[in-house]
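Number of protein chains: 4
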Amino acid sequence: MPLTPEQKAEIDAVRATPRETLRATAPGMEAQLHIAHPVLDHGFVRVVDYMGDDGAIVQAARVSYGAGTRHVSSDAGLIRYLMRHWHSTPFEMCEIKLHVKLPLFVARQWIRHRTANVNEYSARYSVLDREFYIPAPEHLAAQSTTNAQGRGDVLEGAEAARALEILKTDAARAYDSYETLLGGEQGLARELARMTLPANIYTQWYWKTDLHNLFHFLRLRADSHAQYEIRAYAETIHALVRDWVPEATRAFEDYRMGGAQLSAQALDCLRRMLAGEQITQESSGMSAREWREFCALFPPAR
Amino acid sequence: MPLTPEQKAEIDAVRATPRETLRATAPGMEAQLHIAHPVLDHGFVRVVDYMGDDGAIVQAARVSYGAGTRHVSSDAGLIRYLMRHWHSTPFEMCEIKLHVKLPLFVARQWIRHRTANVNEYSARYSVLDREFYIPAPEHLAAQSTTNAQGRGDVLEGAEAARALEILKTDAARAYDSYETLLGGEQGLARELARMTLPANIYTQWYWKTDLHNLFHFLRLRADSHAQYEIRAYAETIHALVRDWVPEATRAFEDYRMGGAQLSAQALDCLRRMLAGEQITQESSGMSAREWREFCALFPPAR
Amino acid sequence: MPLTPEQKAEIDAVRATPRETLRATAPGMEAQLHIAHPVLDHGFVRVVDYMGDDGAIVQAARVSYGAGTRHVSSDAGLIRYLMRHWHSTPFEMCEIKLHVKLPLFVARQWIRHRTANVNEYSARYSVLDREFYIPAPEHLAAQSTTNAQGRGDVLEGAEAARALEILKTDAARAYDSYETLLGGEQGLARELARMTLPANIYTQWYWKTDLHNLFHFLRLRADSHAQYEIRAYAETIHALVRDWVPEATRAFEDYRMGGAQLSAQALDCLRRMLAGEQITQESSGMSAREWREFCALFPPAR
Amino acid sequence: MPLTPEQKAEIDAVRATPRETLRATAPGMEAQLHIAHPVLDHGFVRVVDYMGDDGAIVQAARVSYGAGTRHVSSDAGLIRYLMRHWHSTPFEMCEIKLHVKLPLFVARQWIRHRTANVNEYSARYSVLDREFYIPAPEHLAAQSTTNAQGRGDVLEGAEAARALEILKTDAARAYDSYETLLGGEQGLARELARMTLPANIYTQWYWKTDLHNLFHFLRLRADSHAQYEIRAYAETIHALVRDWVPEATRAFEDYRMGGAQLSAQALDCLRRMLAGEQITQESSGMSAREWREFCALFPPAR
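Residue numbers (this note's numbering), protein chains in the order written: chain A, 1 to 302; chain B, 303 to 604; chain C, 605 to 906; chain D, 907 to 1208.
It is worth saying that the hints were derived from the structure and are not from the lab.
Predicted model, so just to flag it, every value in this text is computed and none were measured.
Hints are not guaranteed to be accurate.
Pairwise CB distance ranges, derived in the manner of DEER restraints [what the hints assert, rightly or not]:
| # | chain 1 | residue 1 | chain 2 | residue 2 | range |
| --- | --- | --- | --- | --- | --- |
| 1 | D | A922 | B | A577 | 51 to 61 Å |
| 2 | D | P1206 | B | S589 | 26 to 36 Å |
| 3 | B | A378 | D | R1198 | 17 to 27 Å |
| 4 | B | C597 | D | A982 | 30 to 40 Å |
Ideal Cβ positions, reconstructed from N, Cα and C, are used throughout, including at glycine.
Taking the hints into account, I'd like the entire structure generated from these sequences.
Next up, the structure:
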């Protein structure tokens, strides 16, 4: 159970006490506010605060473009236009603050997104809990043989059992060592003792970012090339964002997530194919790898 | 009058429609929300949205420092501790969005604060209004003879009248030209016509930043070395921030605004002076300029 | 003439004094270093310093991906792979510092790229020169009737002459006022006098950024939708970058400048068209505007 | 030994091949370039590239302030003035790129400095080496009883031996598990196997930042409150920076490292003490903690 009873009671109390505000509110997000959505075996994501809604994006755009925006009739149409033409600043006018519990190795990937504010639990000040990420059997995958950074088939049978056993035993032993180091008459300083803990231990943080940077995070981390564990967080956040700014999320899905960036060579091949030409990798001007990626987007007819 | 009747009606409507929220609210800020506070002759600052309050700073700090923060008994004490020891991330957990109307030359200084989100009125899309900043008589100052970037005495009599006359005439003539360029059978493109407009024309923008960066802005721009015109905005914002996060603002005032950064040499002089030594510039190890600044902080006894 | 004789002499002196270094050098860039490339009527761009070359991108990528990069045989291939898959951090390992002289309204667009370091000439400290941007006849265009932010036909005859006359007269008059304000017994403070100067006056700055952010700048500002005047600077810089990091620039041109981001709907239409279906706007799932943009990329056969 | 023979050969080769450049060079830095300076038991810092020198700071400042800077006679004086008055942008005109090998828990503190470019060795792509940080006996300290985030006395005798034994055994066992997980017929994916490795394993990265942000890093991380392990890196870098930009480093040491930020209350107390008043904590207006810090700076006479 990811939350302590105290945290649960706190959340219930906050959710039971609505207040009045003159700010823009997003009803879909209010319904989700403070609730912990489980991710992986001990993690969660919960929205602690937000600023703005779809209307705030439109409002900022209309300040920028003034009367020039009048001809885009609907708010949804304007949001799509902004997304399509990379006008990122109106999306920056929305902000979200999340409380996330996550394994340390996921935190290390996540923190590379620099345009965000972070307050992480400090293992110099406080003692970490005995909670480790142990993959579910269906996520215990072998190294991919074709992709240097990816996973291949799921491990099975004895091989799977052995891997799980190692991960569990190591985690338990490391935590025992941590406690031993901290204990005794003169415990080792917390800032030193923590260094024996493995990267699947859970940490937590408050993470705050604007909608433009959040979409960038989702595009990279909800992508199929991202490591499964961070993708699980990105997908949970993606669903929450849909409740918050539905129009902006729809535009993001159409133009970014579901779209593709094509190279000059790819555009040229498409034009030739539409004109009836048969293209092979040799005549495409692409490398073998690029051609494979292109064929995945536009499977050749049979 | 800085606001159009439509804008006034919009503000009244928003302020008449409180909504329910489960987010943290700052009552002092709710009272100010959306209201336009006049600055200079045609400008204003108004808070459009905010995220967090003093409690949000404490909440983030307690996530970071965990049980380690328990011994700081009060929230105010914790906020002061964070400010004193340059723990900036908890202050980043609060965010504010302002709508500002300001002269273009002020906007140019303001935009140098890079850690902020901006949507500015675009003179490529829309036509600018005939509104120019003309200094009040008491702000019409001569070039300082001792400070390369500062102001000296206030201009008086004929000299003042002449300067005001030039500024007013130039502004009117430039705007007439702008209208002429835009008009006619084939008006010049807006993006070109605007370039004849002077730097005291008003523009407006939405500007959003976090509390840490806002304090940094205030420290530099509400300072006596800042140009009066941007200082007028900084002071208006400072007052609004006091209503929003009173404890954080108090800590900021004690440790940043009202404090001072002393050099190694200055600390050494103070120690020697406390031990009874008489210090002169020669024996201080400081340059003439540094010594002047030091004596302004610690006026020598007479 | 954009450079003063002193500046020219300084540049000649620097270029006559090569030094020894153990850093990576880019011969193509050394040949351009310090030379002022004219832009518009009084502006210029000159490279003052740079860090890294194509090899530095590869070096950083190989640190990140370790043995995992061995299978990408060539440096050029690795650079293309990085660009294609949005691995931006290796490109951030190259840095460039430019000295730019530019009209103030161009500076205002440029400064919106926040991830850069800037030192601009200060009109609080110093007096600006009498130099204004006056468009060449072929750039004196009317407002576009179809594009709210763009230019239409070039002005001709009397209309053009009138516009040029206004721009020139206004600039001269404004500068006369500026001098009058600064002069007299008690000149107006420089920080106030400057506010009567129009937006086509020239300013200058040192601007430093990394290659990733520079490419982002070029993609937006060397684009056909950018205002001509900033595009002129972007194109000059683009040519300089080609001399500096030729492989990275080639990848940028193929995947960003010459490529296109297609929406989910556009990908779907292409697949249906390749399968022989006739698509119209109605059956495309796109808005009229999106369909126009799509047809511009893939002109329908006739 | 922190470097592989291949890396050593590469460094020797680069250092044996000086090239000609027209860029600013810093002789003190050239002498250090590429050389690996050992830090902790297996780590190092080495400068891979740099941009600018003391002269580049002055050059940028003179562009900004124009003729206004003429009255500051010397370059060193101008640099001190800039540092004293928080003019940070000229310092941003210098850039440095480091190759660092460091324990993962140090990397986690370091990465919180967001205004930097990073390429880190990826344990998704490649296998980590069997190298762990084991503190030297004099750094094996107990938890401080007075400071929640600090270290107390050094462990001794059996207590120290026991802690060292645990850290070594755990590291060896974790690495054995890592190898086991990666091995076998179907090795576990690298991105999963790594998660059993503890936080004292070494990683490495290229890290690039500008001088202003580097000074900020040094002020926080070379401070006595920083954890010893990151301080060891900061001190090594501090020494390298002194060779690179000696004047700027001197100003940094006088105004930042060796200086202090005093609160309004502290300034008031100093004024009263200089006027002969005896101040106690009660009459100081400070909290007990602040008063302790104040007395550490200005020890009361006895």
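Checked hints:
1. D:A922 x B:A577: 51 to 61 Å: At roughly 56 Å between Cβ atoms, A577 of chain B and A922 of chain D fall inside 51 to 61 Å, so the hint holds.
2. D:P1206 x B:S589: 26 to 36 Å: holds, 30 Å
3. B:A378 x D:R1198: 17 to 27 Å: Given a distance of about 19 Å, which is inside 17 to 27 Å, the answer is holds.
4. B:C597 x D:A982: 30 to 40 Å: Check failed, 23 Å falls outside 30 to 40 Å.
Consistency with the previously given hints fails for number 4 only.
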